[in-house]
Amino acid sequence: MSFIRLEPRGQASKTMVYATPLLAVALTLLSGFILFLAMGFDPLKALYSFFVAPVTSVRGLGELVVKATPLVLCAVGLAIGFRANVWNIGAEGQLTLGAITGGGLALAFYGEGGWWLLPLMVIGGAIGGAVWAAVPAYLRLRFNASEILTSLMLNYVALLLLNYLVHGPYRDPDGFAFPESRLFEADAVLPILWSGTRVHLGALFALAAVAGGWLLIARTFIGFQIKVIGLTPAAAGYAGFDQKRIVWLTLLLSGALAGIAGMGEIAGPIGQVTASISPGYGYTAIIVAFLGRLHPVGILLAALLMALSFIGGEAAQIAMGLPKAITGVFQGMLLFFLLASDVLIRYRVRFGVRRAAA
Amino acid sequence: MPSHAETFPPVALPPRLELRGITKRFPGCLANDHVDLVLQPGEIHALLGENGAGKSTLVKMIYGVLHPDSGTMLWQGAETTVPDPAGARRLGIGMVFQHFSLFDTLTVTENIALGLDNAGPMDQLAGRIREVSERYGLALDPGRHVFHLSVGERQRVEIVRCLLQDPKLLIMDEPTSVLTPQEAAKLFETLRVLAAEGCTILYISHKLEEIRALCSRATVLRAGKVVGATDPRQETARSLAEMMMGAELSTPERPPQGAAGAARLTVRHLSTTSDNPFATNLKDVNFEVRAGEILGIAGVAGNGQAELMAALSGEALLADTGAVVIEGRSAGHLGPRARRALGLAFVPEERLGRGAVPELSLSENALLSGYARKPLVRGGMVHFARARAYAETIIRGFNVVAHGHRAEARSLSGGNLQKFIIGREILQKPKLLVVGQPTWGVDAGAAAAIHKALIDLARSGAAVLVISQDLDELFVLSDRISVLFHGRLSDSRPTHETTVERIGLLMGGLFGTPPDEDGEITRAV
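Chains A and B, in that order, give the protein sequences. Using UniProt numbering, the first residue of the first sequence is number 1, and each one after it goes up by one. Using UniProt numbering, the first residue of the second sequence is number 1, and each one after it goes up by one.
Honestly, the hints are just simulated from the structure, not real lab data. From the three backbone atoms N, C-alpha and C, an ideal C-beta is built for every residue, glycine too. Among the hints, a few may not be true.
[As the list claims (entries may be wrong)] Short derived list, chain A residues pointing at chain B, Cβ under 10 Å: (1) Pro191; (2) Ala208; (3) Gly223; (4) Leu231; (5) Thr232; (6) Ala235; (7) Tyr238; (8) Ala239; (9) Phe241; (10) Asp242; (11) Gly321; (12) Lys324; (13) Ala325.
[Claimed, not checked] Over 12 Å on every C-beta distance to chain B, these chain A residues come out as not near it, computed from the model: (14) Tyr164; (15) Leu215; (16) Gln225; (17) Gly240.
[Claimed, not checked] Just the calculated beta-carbon pair ranges, DEER-fashion: (18) Phe384(B) x Arg348(A): 46 to 56 Å; (19) Glu359(B) x Gly111(A): 30 to 40 Å; (20) His34(B) x Arg348(A): 21 to 31 Å; (21) Arg142(A) x Ala338(B): 47 to 57 Å; (22) Ala389(B) x Ile345(A): 43 to 53 Å; (23) Pro83(B) x Met320(A): 50 to 60 Å.
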C-alpha cells in the first residue's frame, strides 16, 4: 500500500486515445517554454524560432517535406510490424543498406545510365533493406533470438560497412581522398517536384506507403492476421494463421521501405554517397510510429511534427546559438509525455494509503 | 474445536454470520442489490446462481477482498467490518479458492507456512498438519513437494491451511470442479465432519446434485438479488436450476444412436513428447469418431487434454502423419488451416484468448475461424459486409445476448461467448467437430442450448468429439465414453453400459482393474 497508486480505469475512451498525442505536444511546448526560461533565453522567441520560423518560407516548408519523407517510409513499415509484435529497431541500418545498394547501382552505371536507372535503384534499395531485415527475421525464427537486439546491433554493422565503402570502393577517384562518392549523374537523381525547394519524387513514395499501409492494415486478410497475432497470439494459432510467415512478411516489408528511404536520401537531397546519410531517421521513425498510433495517417502527421523538430533544432542553433542536443531533448520529451499520458488514460492516480474499509 | 452444535440447539446461538442489505456497485452494474444472508453455526449452506448473479462478489466481500457500498455484516451477533483477508482470518473465516495458489517447487509444509499469519517453527507446523489431516481424513504428507501432488491433493493442502486456523466459517468456491467423483465423495465426508463440529460451510457450486446431497440450506441469487431460499434436499436439480434461471429449463433429449457411419476421425498410436517438463505426454492414444456419433473423453484436467486438443487441431504438428486421419486423409503434418479445409471445426477450452480475441468485435471474431469454410475473404481482401452478416446469423441462430456484431468479445458473458463460438463453428457445417469443455463455467440455460446444438449436429451426420471434466455433461451427450489418464486413453464404452462410478474409477487411473462399485479402491489414488 504505497502512497501513490495506479488504479485501472476500465475502458479507455476512444477520444482520449487520439487526444493524447495533442496533449503530449502541448506539454512538450510548455516544458520547452520553462526550459528556455531557465536557460536565460526569451522563451517565446526561442519557441518561435524553433517551431514557427522554419516553416514561414516556401523553402522551409519544402525542407519539412524532405525530412518527413524518410520518416514516413520507415515508420509505416515499422508500425505494421509493431502491430504484429515484431519489434524491428533496425530501420536505421536498413535505411543505410538501401543507400549502399541504391548508391552502388548509381555508381556502377556511372556514365552509362538511362531512364531505367532510377527504377533499378529503387528496387535495389528495397532489396538491400529487406536483406538486412531478413537477418533478424531468420535469427528469431531459427534460434528464437530477440529481433529487438539483433536488428539494433545490425545498425552499427551497417554504419561501419558504409564507412568502409566510402573510404574504399565507393570513393570518388577525383575527390582528393575525401570519404564520399562522386556526385550522381542526372539519371540517378530523383526529380524535384516543387521548384525552389528540395522536395523530390520520394515524397510521392511516402504518400504511396501511407495509402498502401492503410489498405494492408484495414482491408486485407493479411492485415487482419497481423492484428490477431499482435493482440492474441494463441487465437492466431487456433485460427491457423502462420506466425512465421507474418514475421518474415513484416520484417521484409519494413526493411524494404526503410531501404527505399535510404535510397531516396542519397538520390534526393544528398546526391552522392557520404559517410553520414541520416541524422537518425531510423530511430526517430520509432517515435513517429507510436506518436501516430501505428496508423498510417497518424504517422504522416507525426512525421511532419518530428521533421519540424529536426529543422527547428537546426534553425535554433543558427538563430540563437542553442546546442545541437536541443533536437534530441524535444524528441525525447515528446515520447516521454506521450507514454506518460498513455498510462494516465488507462489508469487513474490515487494518493494516500488505502482506507481500511470502504 | 469444541462441538457446540452437539450440546446446544442452533437456535440458542446468534447466527454465525448475518448479512443485511449488502449492496455493491461496479461501474455499469449492480453486482449485489440488498442481499440478506443468514448462516447458522454447523450448517452447510449453498450459494446458488448463474454466472454473473453476484456470488463471487458476495463471497469476496465476506472474505474482505472487496468492500460493500452499503449494508451491515454481523459476526456472531456483533456488527463488524472485514478490512482485508487477514482480518477475515482473524475473525475465523477461511476460504478455499477455485484456483489454487501453491508454489510447485515448495513442500506442503512450506506452502502452508506461507499462507499462515503465524506459522511458527517448521517441524511443529508439520506435526500440526499431520494431526489435522488425519483427524479429517485428508491424507497428506507434509514433506512432499507440491509438483508431485494430484489436483485433489493440492486442494487438500488449501483446505488444511484453512483448518489450521480453526475456522468458524469455511467458504468453498466450486471445490469439486477438478475432482473425480470419488475424490468429491471423500471431500463431502470431511465437510460433514467439520459441520458436525460446529463449523459453518458456505458452499458454491454449479453441480446441483452435489448440493442436494450435501447442503441443508440454499440461498439463490439472480442478477444480484436474493430470489429465494430453500432446503435443497426437498428440491430436484431441475427445480433448483429453474429457481436460478427464473425460467423453465429445457433439457436436451439424446436420441438413440442410429447406425454409426464412416470414421471421420481416426487416431492411431498417437504419442507426443514435449520440451515443457510440466506437459503431459500422450502415450499411444487410439480412437475413432464416426459420422453421427458423439464420443466423450473424460478425465481430470492435466492428464493430457491440452496436448490431445493441440494434436487434433493442428496447433501442434506431428512427426507421424498417419497418427491423425481426418476424413480418410493423413493429417498429422497439416496445420489448423489445412485441417479446417478437410472439414474439422474446433472449439478450444479457453474461449477468451484462444477461441476469440477479447478486443475484437464479434464480426471480426466470426472471421477468425470463419474464413476457412465461408466466403469471407476474396482475393486477399476481407469481405467485411459478409463477416458482419455471418456474425449476425450466429447471434440470431444461437440466441447470443450481445449488442450486435460490433460488441467486443470480452463484453459478452462466458455463456454467451461460448454460444457464439460454438455457433461460429457449427454454422461452417463441419464434418468433424472437436470441443473442449463445452459448458465449463457456463450457466444452466446456456449449457442446455449448447448441448442441444451439439446433439443436433451429430444427428445431422457430423462426428463430434467432446473432451470434458464434467461427467454429468458427458453422460448427457456421449454415445461412447473414454477416459484420459496420465496421457493414456482407455478403451471406449457405450454410455448406457457404464456408470458415473466406473468412469470415476478410470479417471483415478484404475485402467484394467475390474471396476468395483463401492468406490473403496479410491483410497489408493
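Non-interface claim for Tyr164(A) versus chain B (Cβ beyond 12 Å): Since the minimum Cβ distance to chain B is about 42 Å, Tyr164(A) lies beyond 12 Å and the statement holds.
Least C-beta distance from Gln225(A) to chain B larger than 12 Å: Since the minimum Cβ distance to chain B is about 9 Å, Gln225(A) lies within 12 Å and the statement is violated.
Hint check: 10 Å Cβ-Cβ cutoff, Tyr238(A) to chain B: This hint holds: Tyr238(A) lies near chain B, its Cβ roughly 5 Å from the closest one there, short of 10 Å.
Restraint check, 10 Å cut-off on beta carbons, for Ala239(A) near chain B: 5 Å, holds
43 to 53 Å as the expected CB spacing between Ile345(A) and Ala389(B), which holds or is violated: Given a distance of about 34 Å, which is not inside 43 to 53 Å, the answer is violated.
Chain B contact restraint on Pro191(A) - CB to CB distance below 10 Å: Result: violated, 33 Å to nearest chain B Cβ.
Interface restraint verdict for Gly223(A) against chain B (beta-carbon cut-off 10 Å): 8 Å, holds
Status of the hint placing Ala325(A) at chain B (closest C-beta pair under 10 Å): Check failed: Cβ of Ala325(A) comes no nearer than 40 Å to chain B, outside 10 Å.
Hint check: 10 Å Cβ-Cβ cutoff, Phe241(A) to chain B: Holds: closest Cβ of chain B sits about 8 Å from Phe241(A), inside 10 Å.
Cβ distance range 21 to 31 Å for His34(B) and Arg348(A), holds or violated: 29 Å, holds
Status of the given 47 to 57 Å range, CB of Ala338(B) versus CB of Arg142(A): 23 Å, violated
Beta-carbon spacing of Pro83(B) to Met320(A) - inside the hinted bounds 50 to 60 Å or not: Holds: the Cβ-Cβ distance is about 59 Å, inside 50 to 60 Å.
Of the numbered hints listed earlier, those contradicted by the structure are 1, 2, 11, 12, 13, 15, 16, 17, 18, 19, 21, 22.
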